[in-house]
Amino acid sequence: MNPVISIAIPGKADKEFWHSIIDSIRSDKFNSASIQFDWSACTQIDDISLCLLLNIIVECESRKIRIFNAPLNPDSFYQIKVYPLISFPINNLDTNEIKSHAFVTAVNDDEKALARVELMKKFLGNHELLRNVDTSALEIIFAELYMNVCQHSSLAEIENGMVLISVDESHGLLEMVVSDIGVGIPANIKEAFEAFEDECDAKAIAYATEDMVTTRNTEQNYGRGLNTLKTSVVSLNGELDIFSGNGHFSIRSGNENHMELSCYHNGTQIRLLFDLSNFEMRSKSDFSEEVNF
Amino acid sequence: MTQVRAKDLTDDFLTSKGGLVIGKQIENLLKLNPAEDVELSFEGVEHLAPSFVNGAFLYLIDNYGDDYFRSRIKVINSTPDVAKTIGGSVRTYIEHQKQFFSLLKTDKVFLVVDNKEFDRNLAIKLGEISNSKGFVLLKNPTPGNFSEQTQGVLKDADVVIGVLNAESQSSVFIKEMEYALGLNKQCIVLQRRSINQRLSTASLSRIQVLYYDDSDFLELLAKLNKILLSNRNDIVHRPNKSMERKEETTTAVVAFLAIAVLVAIFFALISSEENRKK
Chain A
0 MNPVISIAIP GKADKEFWHS IIDSIRSDKF NSASIQFDWS ACTQIDDISL
50 CLLLNIIVEC ESRKIRIFNA PLNPDSFYQI KVYPLISFPI NNLDTNEIKS
100 HAFVTAVNDD EKALARVELM KKFLGNHELL RNVDTSALEI IFAELYMNVC
150 QHSSLAEIEN GMVLISVDES HGLLEMVVSD IGVGIPANIK EAFEAFEDEC
200 DAKAIAYATE DMVTTRNTEQ NYGRGLNTLK TSVVSLNGEL DIFSGNGHFS
250 IRSGNENHME LSCYHNGTQI RLLFDLSNFE MRSKSDFSEE VNF
Chain B
0 MTQVRAKDLT DDFLTSKGGL VIGKQIENLL KLNPAEDVEL SFEGVEHLAP
50 SFVNGAFLYL IDNYGDDYFR SRIKVINSTP DVAKTIGGSV RTYIEHQKQF
100 FSLLKTDKVF LVVDNKEFDR NLAIKLGEIS NSKGFVLLKN PTPGNFSEQT
150 QGVLKDADVV IGVLNAESQS SVFIKEMEYA LGLNKQCIVL QRRSINQRLS
200 TASLSRIQVL YYDDSDFLEL LAKLNKILLS NRNDIVHRPN KSMERKEETT
250 TAVVAFLAIA VLVAIFFALI SSEENRKK
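Protein chains in written order, with numbering that gives the first Met the number 0: chain A, 0 to 292; chain B, 0 to 277.
So that you can see chain A by itself, here it is in the shape it has in the complex (with noise of 0.2 angstroms):
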């Protein structure tokens, strides 16, 4: 049996606080073990907390460490202000910049995309080692990522996901997660394709990624999204992983991967990261192409 480790939330866990944990995961210091979370003298919890501890979740999930939570009652911190917002998006935030560490939005109205996507530039611009580096790449997969959640999750009529953008720069790493709690990509696709009925959840998100595959029939919508997202990852020698379902789909080094997952997960996280190094420096433009059909 897995040991588990408990860990206590104080009253006002700042990011330092969440920081810690995320290093300790990324040291393997709790690998074999289970995160068990104390919320009972929680009382308060910031934007960039509830970012990091999203962090936390898919680094957990990756690793395979079990996370839960201590026996909780109905009246908790947790139970009536963190998990609403973990478990759906951030209703109260409509566009939010955090200058510091990391930008956070809500996706729920596909009109505010490109807004959104300026806002992204402009805390992507905040940093000094992304100044000059050509950010093309991240705007497209943020608009794709972005209208892909409000075309699939409009179904449900609820409110849609979350993206979360993080900058370690002494890394030089840059993290995107982008979350929403749809029905899940599996279910889409087995619901779309009889031919993955019996096949496993991971099958069917690594299907999603194919090229022309789609299962909305809106107008000019062709299948591109994740493609799309997985075509970037690979030309900059990035990581994916895409949780949904039972399904795990990772890219690791060009590399597809795909596994099931003991634990079921509601609706679906992708969580990109990359190599800040990896990217081309900007450069002046030279419009004299002619497109050949």
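Treat the hints loosely; a few may be bogus.
Claimed, not checked - Beta-carbon label-pair distances, calculated as ranges:
id	chain 1	residue 1	chain 2	residue 2	range
1	B	83	A	170	27 to 35 angstroms
2	B	73	A	202	39 to 47 angstroms
3	B	38	A	233	31 to 39 angstroms
4	B	140	A	260	45 to 53 angstroms
5	A	285	B	30	46 to 54 angstroms
6	A	13	B	97	52 to 60 angstroms
Keep in mind the hints are simulated off the structure, nothing from the lab. A quick note: this is a predicted structure, and the numbers were derived from the prediction, not measured. For glycine and all other residues, C-beta sits at the position ideal for the given N, C-alpha and C.
With the hints as your guide, set chain B onto chain A.
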């Protein structure tokens, strides 16, 4: 040549909505000046998303065909990145369409038409010619009524072709097409451009929609005819009988073009009948 700057039309080069603004503007220009090609400049556009290309260009390919698209539209003044994204997306889509049609099995065709009377008349006319060429047009036993018999015959089809001609199309048409999709049948829909109706569930791997209006319906039927005949098993896979195959194909093509003319006349009659009633 009509010249257009993409940046004059939209600021959104990341979503399909932004692309559709361009696509529809090009469409309008081609309609207004049919003799002039369109040259679209991407001066000042540093990068764009594949979803944008969907709205701007794949929309036009869907509606007018790839030959028309390539011959009438030129894209200039783009960065290497933009050229690669546009060119790559368009070529991939055209290849996808070609693959869909090349994999069609077309020995037995079930025709779904949105007009009860037209359906009955068309099926009679087509049946007389098609049976004599070994090309089986499956007759709808209960046109205008989505019955068990219809479902039974539909199950036997290799491909289902739906003709969507009027906005007030019957709910039976939708039922029949969605039933076919539910059976994983390959489906082709010939849809009048002015109609906004879309089937509620569709996978691009199982359906292709070809658009038309009165001016190019004959051309569309000729194209469809070519696709159906080139995929006929008994013609395609008969070894060492290339001359016979050519003659047979030519005769079948002539026969089908004759059918196409008949169909066009039918549509014209219906169209004028509707106008007269108005």
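Hint by hint, here is what the structure shows:
no. : hint                               : result
1   : B:83 to A:170: 27 to 35 angstroms  : holds, 31 angstroms
2   : B:73 to A:202: 39 to 47 angstroms  : holds, 42 angstroms
3   : B:38 to A:233: 31 to 39 angstroms  : holds, 34 angstroms
4   : B:140 to A:260: 45 to 53 angstroms : holds, 50 angstroms
5   : A:285 to B:30: 46 to 54 angstroms  : violated, 34 angstroms
6   : A:13 to B:97: 52 to 60 angstroms   : holds, 58 angstroms
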